[in-house]
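Participant: Listed here are the chains, written in short residue letters.
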Amino acid sequence: MKTRDLIATAISNTFRNRLRTSLTALAIAIGAFTLSLTLAVNNGLNSYIDETIASVGSEDTLTVTKPTETVEDGIAKYDPDAASGMEAGAAAMSGSGSVELLTQDDMNTLRSIEGVSQVHTVRSVSVDYVQLQGSSDDDRWVLNISPGIPGVSLPLAAGEQPDLNSQDHQIVLPRDYVKTFGLENASELVGKTVELGVSDPTGTMETVTAKVVGVSDPVLTSSSATATLNTALTDAIYNVSAKGLPDDQKQRWATASVTVETEDGQSIEDAVSQVQQRLSDAGYRGQTINEILGQFRAFFDAILIMLVAFAAIALVAGSLGIINTLLMSVQERTREIGLLKALGLTSRRVFALFSLESIVIGALSAAVGIVIPAVAAPWINHALSNGPLADLPGLTLISFSPGIIAGVAALIIAIAFLAGTLPAARAAGKDPIEALRYE
Amino acid sequence: MTSPHPSGEQPLIRLDDVIKRYGQGDSAFTALNHVSVSINKGESVAIIGKSGAGKSTFMHLTALLDTPTSGSITLNGTNTTKLSASQLAKVRNDTFGFVFQQFFLITNGSVLDNVALPLTIAGVNRRRRERRAMNALKLLGLDNKAHNKASDLSGGQKQRVVIARALINEPDVIFADEPTGNLDSATGQVVEDTLFSLHRDRGITLVIVTHDPDLAAKCDRQITIADGRVASDERKAL
Chain Z
1 MKTRDLIATA ISNTFRNRLR TSLTALAIAI GAFTLSLTLA VNNGLNSYID
51 ETIASVGSED TLTVTKPTET VEDGIAKYDP DAASGMEAGA AAMSGSGSVE
101 LLTQDDMNTL RSIEGVSQVH TVRSVSVDYV QLQGSSDDDR WVLNISPGIP
151 GVSLPLAAGE QPDLNSQDHQ IVLPRDYVKT FGLENASELV GKTVELGVSD
201 PTGTMETVTA KVVGVSDPVL TSSSATATLN TALTDAIYNV SAKGLPDDQK
251 QRWATASVTV ETEDGQSIED AVSQVQQRLS DAGYRGQTIN EILGQFRAFF
301 DAILIMLVAF AAIALVAGSL GIINTLLMSV QERTREIGLL KALGLTSRRV
351 FALFSLESIV IGALSAAVGI VIPAVAAPWI NHALSNGPLA DLPGLTLISF
401 SPGIIAGVAA LIIAIAFLAG TLPAARAAGK DPIEALRYE
Chain B
440 MTSPHPSGEQ PLIRLDDVIK RYGQGDSAFT ALNHVSVSIN KGESVAIIGK
490 SGAGKSTFMH LTALLDTPTS GSITLNGTNT TKLSASQLAK VRNDTFGFVF
540 QQFFLITNGS VLDNVALPLT IAGVNRRRRE RRAMNALKLL GLDNKAHNKA
590 SDLSGGQKQR VVIARALINE PDVIFADEPT GNLDSATGQV VEDTLFSLHR
640 DRGITLVIVT HDPDLAAKCD RQITIADGRV ASDERKAL
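Chains Z and B, in that order, give the protein sequences. Going by our numbering, the first sequence opens with residue 1, and the numbers climb by one from there. Going by our numbering, the second sequence opens with residue 440, and the numbers climb by one from there.
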């Protein structure tokens with residue numbers, strides 16, 4: 001029998017009992033649907049993280065912290081230099097756990113490490129409120145702030161990046177504050193002056209003024225909307241909040257930002273990992289933005305693994321359905337199989353015929369379980385980005401790639417084929433006489 | 440009890456000291472016991488005997504649907520016991536046509552598909568096999584039913600479709616197992632006439648397993664099987 005005739009026969013046999021075939025295919029399609037959607041969401045999130053990395057961090061920048069030494073049980077020994085309060089919180093945000101504050105000595109050490117071209121200190125600062133200059137005192141709002149990091153560009157809705165070297169106080173506000181301040185669009189906020197309320201160590205409130213140079217879109221790295229300050233503004237705020245502290249207490253930083261220089265012919269990755277090793281030897285920890293975001297990835301990966309496990313369960317259940325359906329089919333068609341064998345169809349071709357039938361069921365399942373979500377994805381994405389995910393512009397949650405579609409389809413068809421081998425072997429093993437005698 | 444060769448020609452099918460045993464140990468059952476028979480080209484042979492005497496086993500072995508426990512079966516001078524399962528399948532496809540009591544049509548296929556089935560299995564392309572299937576149906580007066588579903592036909596029509604299927608590969612031998620068993624006498628008569636005209640006009644060898652003495656009497660030769668042995672082997676006087 002020619003392969004073409006075999007395929008045509010397999011397809012026509014599959015559609016002989018439409019209801020049974022559809023129900024069997026549906027069971028597998030549920031698994032295919034779960035799997036393809038999970039992979040597409042994973043793909044969407046990962047490319048969003050990649051874009052975020054590209055927009056917020058340069059590859060040659062390391063965030064440096066000084067981990068505290070721990071004793072056997074993992075509980076840190078008391079250290080008067082260890083970070084506490086808000087600075088510890090800021091350092092912990094960068095994923096370093098318990099850290100010591102960096103001193104001026106540490107800065108000198110960092111500068112002396114081979115391969116480090118620049119060391120930039122990052123102060124941890126906070127403000128109590130923000131208000132537009134000239135507005136009433138009822139119009140004060142809470143604001144999270146963070147100092148700008150060299151080489152990092154913010155996704156902007158309006159205006160421009162803060163000039164870190166400028167002596168003027170510059171701030172980039174998150175887009176949410178446009179509505180908060182009763183303005184229509186982001187560009188209206190650019191150029192306005194804001195007052196920031198800062199408490200000194202004694203609890204006395206002082207204000208620092210700053211000019212809004214830009215309005216930023218939210219990114220994945222900040223869980224809540226955070227304003228970005230230039231260095232002059234950061235220092236001004238820090239000076240208020242550290243007023244009256246002894247000098248050696250003032251010169252403390254939770255983290256430092258280190259720029260790695262690349263030698264000729266050396267890749268950035270190699271240079272960065274060499275500097276990371278040297279930092280680690282010197283008792284520091286240097287993390288790239290990629291590694292910090294790795295925590296997000298690990299979280300998404302955990303969800304992914306769980307969903308893939310559900311998909312696998314559905315696929316196992318579905319393949320049992322295929323086995324059952326085809327075994328019933330082999331039983332019902334015993335006489336037909338006997339006839340085909342009596343008329344000269346070889347066992348191998350009988351096996352191929354039933355295997356092809358299971359492949360046809362698999363292909364149908366793949367079509368339903370992959371093509372439908374792939375076609376529906378743009379609408380779902382549109383609905384999501386105008387609804388629950390409106391705060392994350394640029395995120396395409398369900399992102400199908402040709403690789404996902406082809407990979408899942410191939411997997412489903414392979415599973416269907418494997419499920420079909422048992423019934424197909426049973427059909428191939430039928431004795432033509434027994435089969436013809438069957439009544 | 441080897442049958443004599445009427446001419447010096449080698450027989451088409453020869454069974455030499457064939458034993459067929461089913462099961463093992465105490466439950467073993469010998470269906471055929473030391474059977475030796477030769478069937479010549481162009482003969483019409485009726486296999487008769489009581490139920491359970493071994494007629495069907497004899498036919499299945501002769502038609503290479505089953506292999507003997509011992510002894511040999513020779514087809515056109517080739518010892519078939521040495522052939523593999525797929526070689527046997529090819530021999531059946533090339534050389535034999537089958538007519539069964541229960542028709543064995545593929546019910547969801549068209550009449551044309553059913554008739555063309557041996558050629559489909561042989562790997563003949565669609566155009567050629569459909570043309571030949573149409574010719575076979577014309578011969579049996581069923582060409583107007585070619586595109587009907589096989590399940591829509593009457594019993595007599597079904598058996599003629601089966602005969603069309605049996606002759607489409609231009610076989611040397613047609614094996615018929617109770618070909619008229621499920622048909623009324625008038626329809627059975629039509630089927631008998633068709634088989635014997637193929638035998639007469641095309642020289643196709645017929646091997647017919649039957650209970651029907653009238654049908655057996657029309658054959659050149661009657662082999663009676665009893666208790667797994669050839670009890671008698673009679674030729675009609677020419």
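Simulated from the structure, these hints should not be mistaken for laboratory data. Errors might be hidden in some of the hints.
Taking lysine-lysine and the DSS-like style, the derived pairs with C-alpha atoms no more than 25 Å apart in a straight line are [unchecked claim]:
{"id": "1", "chain 1": "B", "residue 1": "LYS521", "chain 2": "B", "residue 2": "LYS675"}
{"id": "2", "chain 1": "Z", "residue 1": "LYS2", "chain 2": "B", "residue 2": "LYS489"}
{"id": "3", "chain 1": "Z", "residue 1": "LYS192", "chain 2": "Z", "residue 2": "LYS179"}
{"id": "4", "chain 1": "B", "residue 1": "LYS480", "chain 2": "B", "residue 2": "LYS657"}
{"id": "5", "chain 1": "B", "residue 1": "LYS588", "chain 2": "B", "residue 2": "LYS577"}
{"id": "6", "chain 1": "Z", "residue 1": "LYS2", "chain 2": "B", "residue 2": "LYS657"}
Participant: Now tell me, hint by hint, if it's right for this structure.
Facilitator: Hint check:
1. B:LYS521 to B:LYS675: Answer violated: LYS521 of chain B to LYS675 of chain B is near 34 Å, above 25 Å.
2. Z:LYS2 to B:LYS489: violated (42 Å)
3. Z:LYS192 to Z:LYS179: holds (14 Å)
4. B:LYS480 to B:LYS657: Roughly 17 Å between the alpha carbons, so the hint for LYS480 of chain B and LYS657 of chain B holds.
5. B:LYS588 to B:LYS577: holds (17 Å)
6. Z:LYS2 to B:LYS657: Distance ~40 Å between LYS2 of chain Z and LYS657 of chain B Cα, so the pair is violated.
Checked against the numbered hints above, the structure violates hints 1, 2, 6; every other hint is satisfied.
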